[in-house]
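Participant: Based on the hints, put chain A in the right spot on chain B.
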Amino acid sequence: MDWLVTPFSSNAFMVHALIAGVLVSIACAIAGTFVILRGLAFIGDALAHGVLPGIAVAILVGFPGIIGAAIGAAGMIGGITLITQRSRLSSDTAIGLLFVGMLSLGVVIVSRSNSFSGDLTRILFGEILGISVSAIFIQLAATIVIAALAIICARPFLLLSFDPEQAEVAGFSSRLYHSIMLFMIAVTVVVSFQTVGTLLVFGMLIAPAGAGALLARRVEIMMLWAVLFGALSMYFGLLISYHFNLAAGASIVLVTVAIFFVVFIIQNIRGRRAVRPQEATHG
Amino acid sequence: MDSRKQVFASAAGETEAFKMSNGGAPYVRAMHLSIGYPNEVVVADISFELRQGQAIALIGTNGSGKSTLLKTIVGLLPPLGGEVSVFGMRPGSNPRRIAYLGQFHASGFILPLRVVDVVRMGRFPLYGLRRRMGRQDDEIVLSAMRRMGIEKLAESPLRSLSGGQQQRTYLSQVLAHQADLLILDEPTAGLDAGGRELYLQAISDELRRGASIVTATHDIQEEPALCDQVMLLARRVVALGTPQQVLTHDALLETFGIVVFGDQKHVHVLEATHGHDDKERLR
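Here the protein sequences come in this chain order: B and A. Going by my numbering, the first residue of the first sequence is number 11, and it counts up by one from there. Going by my numbering, the first residue of the second sequence is number 172, and it counts up by one from there.
For reference, chain B alone in the conformation it holds in the complex (with noise of 0.2 angstroms):
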């Protein structure tokens, strides 16, 4: 029991950083459930990893990180909106596109620079150990935004999910509900980079949601799922990083991609010995 509890009972920065991570998988899970509805893994990892020429940009000019990192996705969401619509080319491709272009960016920033190395492991893999509280309340907003904005547009997104077009005659502009989902995804990216790092951030965004997928039957049960999963992968990747001084962001990543396989096959082997009922009665 001590080894569960003491770590968090005795250092104030362990509960820190539970708190700021356990706001983190609630974000990631509500924008990382839509990620997986609408196919969108692809801009949300391009997401992740292009903002980091802005971040390194506001370090260097002396801005917050978080600055640079929203500027960085909204050039990200431009620059992929304006290639798909003014040419003939897929989203995907204009996505890989601006991907390779902001990250190399990024890395020739930061390679210009001496004093970044350290910073560099900052941006990549987060700081939850040492997030401060302004942080934790940046990400609680972040959060209640994300959390209103999936509660408000219910409808159009589900509708989204399960087909555009029925949004479209349904009356919910397809593209601006599209926008609006990118949008919570970047938020979800931008102030969750603090916490697990750009790097590890799309794990938390795919892994959760995509275990709560394998489970559930509706949309609202996937996300609980998402949440509960995003929420014990905190607690116990911290609670592995304290006991075995290992980086924190990446054991609770790991953790969580743990519990996605954990799932997948228990839900194989009960697939194999259960016979579905409907196919039986009505197949």
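What you were told as hints is all true, and nothing was included just to trick you.
Facing chain B, according to a computed beta carbon distance under 8 angstroms, are these residues of chain A, among others: (1) Leu247; (2) Gly273; (3) Leu284; (4) Arg285; (5) Asp288; (6) Pro296; (7) Leu300; (8) Arg301.
Simulated DEER-style distance windows between Cβ atoms: (9) B:Val272 / A:Asp309: 32 to 40 angstroms; (10) B:Glu230 / A:Asp390: 34 to 42 angstroms; (11) B:Ser114 / A:Phe275: 33 to 41 angstroms; (12) B:Ser101 / A:Glu393: 39 to 47 angstroms.
Residues on chain A that point at chain B, a partial pick, calculated with CB under 7 angstroms: (13) Tyr271; (14) Leu282; (15) Pro328.
Rather than coming from a laboratory, the hints here were simulated on the basis of the structure. It should be emphasised that the depicted structure is a prediction, and the values quoted were computed from it without experimental measurement. For every residue, glycine included, the Cβ atom is placed at its ideal position computed from N, Cα and C.
Facilitator: Coordinates of chain A only, in the frame set by chain B:
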């Protein structure tokens, strides 16, 4: 060819001859309408009117322009020329009054949705973003599922259903809308004999309720019998008129390139020596 032009001309001129429930404005009106995609006209010069309580069947091969016409009527594709109005307005201005069944559904196999959730989506256009649905809506949703014989599957995940059961679910979604105008793209695709019968019963009930229907179909027997007008399409309007006027061997031969007819003892096969596609290319 001349006789077919006559059929077209008389059908356009004698809309009074068709069943008309009132003298109000037509629900759908097309005048010399050209449809297609930005660099490709699929069908030019389409003219027809559809009034309250009437149905029109669009019949033609794959790629003949049926789906393109439906998408133009619901506002998913802009008209390329001529005029089209729906309820006297630009297509797409009246989402509350139009239900659309498309041919493809983006992610029926990824989405964690139960049958009842999909059918409920049919009510979304009436309630917009946030207006709450009531008990009356639950009853309408249940009755829509009953009409397609899937009420026992209500709680089943959509992804566990067979193709035919999924199609029944999508049809229930359309019925749940209780729209004034139903736009159905190959509504009987994948349905078994029982499903087709329920569908035919449902659309004749919808017509009796006062709704109008535009349906794209491969069926040249049962469905057109319920329709006031039939339009044969082969990247142009081959014929338009009542089912009796239009569904002649000659017109079908020109539309499909082959016609099979006969009784129990004899089977006749008519095959066009030059397919209509070749003629189109020479033009």
